[in-house]
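A.B. asks: Now for the letters of each chain:
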Amino acid sequence: MLEITDLSVNYGAIKAVKNFSGGAKDGLITAILGANGAGKSSLLRAISGLNLITSGSIKLDGTDITRLGAHERSRLGIAHAMEGRRLFRHLTVEENLRLAWRFGTRRVLLKPALDDVYARFPILAEKAKIHAGLLSGGQQQMMILSCATIRSPRVLLLDEPSLGLAPLITTQIYQFISDFAKSSNVAIMLSEQMAAIALKVSTDVCVLRQGASVFSGSKQSLIEQGRAGDLSSMYL
Amino acid sequence: MDFFLSLVIAGACVGSVYALVAVGLNLTFWTTKTLNFGQGAVMMLCAISTALLTAQGLSNGVAIIAGVAIVALVGVIVERIAVRPALKTAGSMGWVIATLGFGILLQGITSKFFGSQAIPFPEVLFTVQDVIDIGGQNISLQYVSIFVVSILIIVVLEGLTRYTVLGTAIRGTAQDMELAIVQGLPVNLIVSGSFVLSSIMAGIAGILTAQISGTVDPAFGFELVLMGFVAAVLGGMGSSAGALIGGIIVGIIGKLVGGYISTAAEHGIAFALLIMMLALRPEGFFGRAEVTKA
Amino acid sequence: MNAMRIFLTKLATHPLALLVLLVVVFFGAPYLRGATLQILSFALVSILFTQSINVLTGMAGQISLGHAAFFGIGAYGSAIIAKTFGLNLFLTIPIAAVVSSLIAYLLSYPAGRVKEVYLAMMTLGFGQIFLEVAREWTDLTGGVMGLSGVPSAGLGTLIILGHKFSTIDYFRVLLLITACSMIFIRNFSQSRLGRSLFVMHYSELAAGSVGIARRQTKQLAYALSGLLAGISGGFYAHLVGYLGPESFAISRSIEVLVVAIVGGLWSSAGQVISAVFFTFLPEQLQLFAEYQFIAYGLILTFTLILFRQGIGGLLFLPPRFIRQTWLTTAVEQQRQATAANSKTNEPQFLKIQTVSADIKVQEITMRFGGLVALNSVSLDIQAGHITALVGPNGSGKSTLVNIIAGVFPPTSGQVFLQGTDVTARADVEMAKMGVVRTFQDPRLVPHFTVRENIMLGAHAMMHYTWLEAGLSMPRVRQQEAQALEQCNEILQLLDIEAVADQAVESLPYGYRRMTELGRALLARPKIILLDEPAAGLSDVEMTRLAEILVKLKHLGITVLLIEHHMDFLTGLVDEVVVLDSGSIIFKGDMLGMRQDPKVIAAYLGDDEVQHA
Chain A
1 MLEITDLSVN
11 YGAIKAVKNF
21 SGGAKDGLIT
31 AILGANGAGK
41 SSLLRAISGL
51 NLITSGSIKL
61 DGTDITRLGA
71 HERSRLGIAH
81 AMEGRRLFRH
91 LTVEENLRLA
101 WRFGTRRVLL
111 KPALDDVYAR
121 FPILAEKAKI
131 HAGLLSGGQQ
141 QMMILSCATI
151 RSPRVLLLDE
161 PSLGLAPLIT
171 TQIYQFISDF
181 AKSSNVAIML
191 SEQMAAIALK
201 VSTDVCVLRQ
211 GASVFSGSKQ
221 SLIEQGRAGD
231 LSSMYL
Chain B
1001 MDFFLSLVIA
1011 GACVGSVYAL
1021 VAVGLNLTFW
1031 TTKTLNFGQG
1041 AVMMLCAIST
1051 ALLTAQGLSN
1061 GVAIIAGVAI
1071 VALVGVIVER
1081 IAVRPALKTA
1091 GSMGWVIATL
1101 GFGILLQGIT
1111 SKFFGSQAIP
1121 FPEVLFTVQD
1131 VIDIGGQNIS
1141 LQYVSIFVVS
1151 ILIIVVLEGL
1161 TRYTVLGTAI
1171 RGTAQDMELA
1181 IVQGLPVNLI
1191 VSGSFVLSSI
1201 MAGIAGILTA
1211 QISGTVDPAF
1221 GFELVLMGFV
1231 AAVLGGMGSS
1241 AGALIGGIIV
1251 GIIGKLVGGY
1261 ISTAAEHGIA
1271 FALLIMMLAL
1281 RPEGFFGRAE
1291 VTKA
Chain C
2001 MNAMRIFLTK
2011 LATHPLALLV
2021 LLVVVFFGAP
2031 YLRGATLQIL
2041 SFALVSILFT
2051 QSINVLTGMA
2061 GQISLGHAAF
2071 FGIGAYGSAI
2081 IAKTFGLNLF
2091 LTIPIAAVVS
2101 SLIAYLLSYP
2111 AGRVKEVYLA
2121 MMTLGFGQIF
2131 LEVAREWTDL
2141 TGGVMGLSGV
2151 PSAGLGTLII
2161 LGHKFSTIDY
2171 FRVLLLITAC
2181 SMIFIRNFSQ
2191 SRLGRSLFVM
2201 HYSELAAGSV
2211 GIARRQTKQL
2221 AYALSGLLAG
2231 ISGGFYAHLV
2241 GYLGPESFAI
2251 SRSIEVLVVA
2261 IVGGLWSSAG
2271 QVISAVFFTF
2281 LPEQLQLFAE
2291 YQFIAYGLIL
2301 TFTLILFRQG
2311 IGGLLFLPPR
2321 FIRQTWLTTA
2331 VEQQRQATAA
2341 NSKTNEPQFL
2351 KIQTVSADIK
2361 VQEITMRFGG
2371 LVALNSVSLD
2381 IQAGHITALV
2391 GPNGSGKSTL
2401 VNIIAGVFPP
2411 TSGQVFLQGT
2421 DVTARADVEM
2431 AKMGVVRTFQ
2441 DPRLVPHFTV
2451 RENIMLGAHA
2461 MMHYTWLEAG
2471 LSMPRVRQQE
2481 AQALEQCNEI
2491 LQLLDIEAVA
2501 DQAVESLPYG
2511 YRRMTELGRA
2521 LLARPKIILL
2531 DEPAAGLSDV
2541 EMTRLAEILV
2551 KLKHLGITVL
2561 LIEHHMDFLT
2571 GLVDEVVVLD
2581 SGSIIFKGDM
2591 LGMRQDPKVI
2601 AAYLGDDEVQ
2611 HA
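Chains as they are written, first to last, in our numbering: chain A, 1 to 236; chain B, 1001 to 1294; chain C, 2001 to 2612.
Accuracy of the hints is not assured; some may be wrong.
What the hints assert, rightly or not - Within a straight-line C-alpha distance of at most 27 Å, the following computed DSSO-like cross-link-like pairs (lysine-lysine) qualify:
id: 1; chain 1: C; residue 1: Lys2551; chain 2: B; residue 2: Lys1033
id: 2; chain 1: C; residue 1: Lys2587; chain 2: C; residue 2: Lys2360
id: 3; chain 1: C; residue 1: Lys2598; chain 2: A; residue 2: Lys219
id: 4; chain 1: C; residue 1: Lys2432; chain 2: C; residue 2: Lys2598
id: 5; chain 1: A; residue 1: Lys219; chain 2: A; residue 2: Lys182
id: 6; chain 1: A; residue 1: Lys111; chain 2: A; residue 2: Lys129
id: 7; chain 1: A; residue 1: Lys15; chain 2: B; residue 2: Lys1033
id: 8; chain 1: C; residue 1: Lys2598; chain 2: A; residue 2: Lys200
id: 9; chain 1: C; residue 1: Lys2083; chain 2: C; residue 2: Lys2164
id: 10; chain 1: A; residue 1: Lys59; chain 2: A; residue 2: Lys15
id: 11; chain 1: C; residue 1: Lys2115; chain 2: B; residue 2: Lys1088
id: 12; chain 1: A; residue 1: Lys200; chain 2: A; residue 2: Lys15
id: 13; chain 1: A; residue 1: Lys219; chain 2: A; residue 2: Lys200
id: 14; chain 1: C; residue 1: Lys2587; chain 2: C; residue 2: Lys2598
id: 15; chain 1: A; residue 1: Lys111; chain 2: A; residue 2: Lys182
Hints are computed from structural coordinates only; laboratory data are not their basis.
Only chain A is shown next, with the shape it has when bound in the complex (with noise of 0.2 Å):
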């Protein structure tokens, strides 16, 4: 579980997030929502690290993890797909995999592990020798989001993940994505700029604006409160 309260990130001048409070809950999705600039990467690299925290905290399953380096919060459990499709493009797709395996938790032995991630994804078995730079958009995706299943981690990050994927293959990795959840019981928090699909799989929203809170509650809440019509407003 993830806890987050009165987050603030600045770059210099920037304030990038402002007083962000939220979470994610076990076996459970929230999605992060907004416009580019919004703040959602942001938000992430602070959860994960690479951004320094201005001001706030985060818990990690009751721990107070912001004091600590994103080398450590990675060994604690917190897996940080980010944005832009990043992966080691002249490694292969079975050496990206074995990296990531390698250095998280180690839960699971690799070859079960991989024999894993290849059922579920039958074409990185195909291509598991072949540069990852050279796999489709899709792929790569796919491989990441195993990359990141692949170290039992405790929390996932994942941003926009549907980022220039054409709807079909957004539809396979959210699946991916939702079944995942269900069945590690892993916290996830997903930032996305498309909303029906993140809507779709996620149980709790936030929707960003120039780093502001916007809108913080369940989806439910959403729906109820009219305000999914709004959702346009929120972001344009």
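Given chain A, put chains B and C in place with the hints provided.
C.D. replies: Coordinates of chains B and C only, in the frame set by chain A:
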């Protein structure tokens, strides 16, 4: 023809040592986009330590190990006090001057405490007299052995980087350090490690070269590291195969020029090659085109 | 501490104080012991040589680890010409210096293209080549045995036009040359060319965006540096009378770096002190000579990290890159003119006199490898309007602006500026044609003041040469004064006049944004391209920015901005263009954009969100 062949063989052998230096430089370039401009002093320190320790009575093997251990430590120190702080505060060229300065410091300290005289270097591998017959030529076994040792080390390093997890981690860190951090790779350790390995390779290169020249003095190593630069640039910064080929080419051309034109031009021609390469094809033979500015 | 700095700076820059110093040293020379005179002569040579590093490394940020080569070309060059043709040093030194300058100019060709580390290697290699040539080309240089018989005052062999030069005469000549060189360099550093050297180091893109030609600027730095090193080498040769190749080995290159760094990389005053100090030290302190290498090693390793500013930073105020007297006059004049006209804060020199510029983009496609960033985009950016470019991440906004600004050409398609095809033109050309841009994060020279940074924008508007700059010719003063007046108008427009003479690195972000905008404006744009100008600004600052953009529109300037901040754009823009995945999906006003289903779908996903 004999003369030509002997030059080529000698060139290939010294070239392999240049390649060894180049591969070492590549390592830190991968992980930090920096390299140690004072690497010559590292080579010198290893060779001088070895020479001094054998003079004290230690066996060759132990002395070499001690020498290598010393420069491995130097590698850690260089990264910690010259490279890391310079990258943070001194702009894009600070580390060049800082590492150069550190090398000068090492050289100065060595001169001060051990004098600037040349010290004889023990015959570690074979003796000057040992020769082997290759294609009718009498080739010094010392030359051959340095060739073999260099190639061996380079091959072992390639194997490590390709087939072990640590090697994969190094390659990953080189490609995207932020991604490596967020995936929990021990990036600090990897960076330190790359400097340690780089220094070890430089140290061994120093020993191999001292083997041939027979003596070591505090100014030793300066030209050798420049040759390593040339080999690295010719082959393409970051490519081990390139470093090997680059080194051998530089070695052979150097020896040929030295033999047919003038011994003094042996090194000079290498620098001319460097300038030409940077003017015409900065990414070298095998490098990726990230040398030129956007 | 600061009071001392102010005092020392006043002293060091006061013309009268410097004149007195010069006169005292000049006429006091005969009263010095011979040995002291000789050391002082060496110190002067060192000062000159260090200035060559000041120009290349301090100002232009280009590293050189082999500068002894240029020193050596000057030395050997002058000596050889003197011995071979019997010419005197007033001819041989300039000739040798020009040769050195030419070779430096040639060296700058590959240097311009490669990254700094390769540059460092190259200079190292070049230094070695020179050393080897000096050692081996015995016929020319005397080889390892050296070149003796160089006409020298110390040996009594320096005879010029019948007059036998004593060591005192030589010292005086050297003193005058050094003094003149220092003045020349100071004038140069306070000119547009001097300032442009600095911006090359910090951001080449920023330089291009205001019309500063990158290659020429680097070549100038190298050539000038080579010239100075050559002159100093020439004087060295005729001081010592004998040249050995080992005097031009790596230790010489290292020594001059040490002197420059300890003095403070772009502080001439600090470098003078440092040069004198390091010349005297080995003489006075035998201990130092023993520990010299260690000392140099320590200095090089730690100074840039721990003591960046060097002696110059310690003792003096930061040097300024605008001539203070011209500045004071210009500001006075501009203020009077403004008061007399009592106009609004709209710099009239920015007013578009003829017709506002429009840009037409026709079927622009941009591919990066397999990725299509822009897909046959066509767009008319209306003259004199404020147009916003919005869209989700990866939609191609930055790419489009980069293409219009000339940062790179499109894969296919055309760009027209007021009807002229400008598709293949580079950013420097586009800037000169009036298309100026700002960047997502302000790329300024950190230690320059707001005013100095903005003055960079006027670079392409002024036309004097480096020689005129160094000699401080009248037209330099005229052009600088005009630029300074216009600069002041812009400072008033942006309401940052109060901080005009503070270093930007000490100012909050909002001011840096404005400074960058000011720089773009001083380049007299017909069209200004702003990349996320509102990012990081407070509400107050955003309101101010919006007011300024409206004023620009009144002046007839066309404004195109990339923004995410929708509120900022409301009420400001005439038209908004929405890009998604490389194609335009909407053109119209803000209200229409907010309600357009395609735009909503692009941002939110399909309209199932309404029924989730």
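A.B. asks: All hints are to be evaluated individually against the structure, with a verdict given for each.
C.D. replies: Hint by hint, here is what the structure shows:
no.	hint	result
1	C:Lys2551 x B:Lys1033	46 Å, violated
2	C:Lys2587 x C:Lys2360	14 Å, holds
3	C:Lys2598 x A:Lys219	24 Å, holds
4	C:Lys2432 x C:Lys2598	38 Å, violated
5	A:Lys219 x A:Lys182	17 Å, holds
6	A:Lys111 x A:Lys129	16 Å, holds
7	A:Lys15 x B:Lys1033	31 Å, violated
8	C:Lys2598 x A:Lys200	20 Å, holds
9	C:Lys2083 x C:Lys2164	16 Å, holds
10	A:Lys59 x A:Lys15	22 Å, holds
11	C:Lys2115 x B:Lys1088	18 Å, holds
12	A:Lys200 x A:Lys15	30 Å, violated
13	A:Lys219 x A:Lys200	9 Å, holds
14	C:Lys2587 x C:Lys2598	11 Å, holds
15	A:Lys111 x A:Lys182	23 Å, holds
Checked against the numbered hints above, the structure breaks hints 1, 4, 7, 12 and satisfies the rest.
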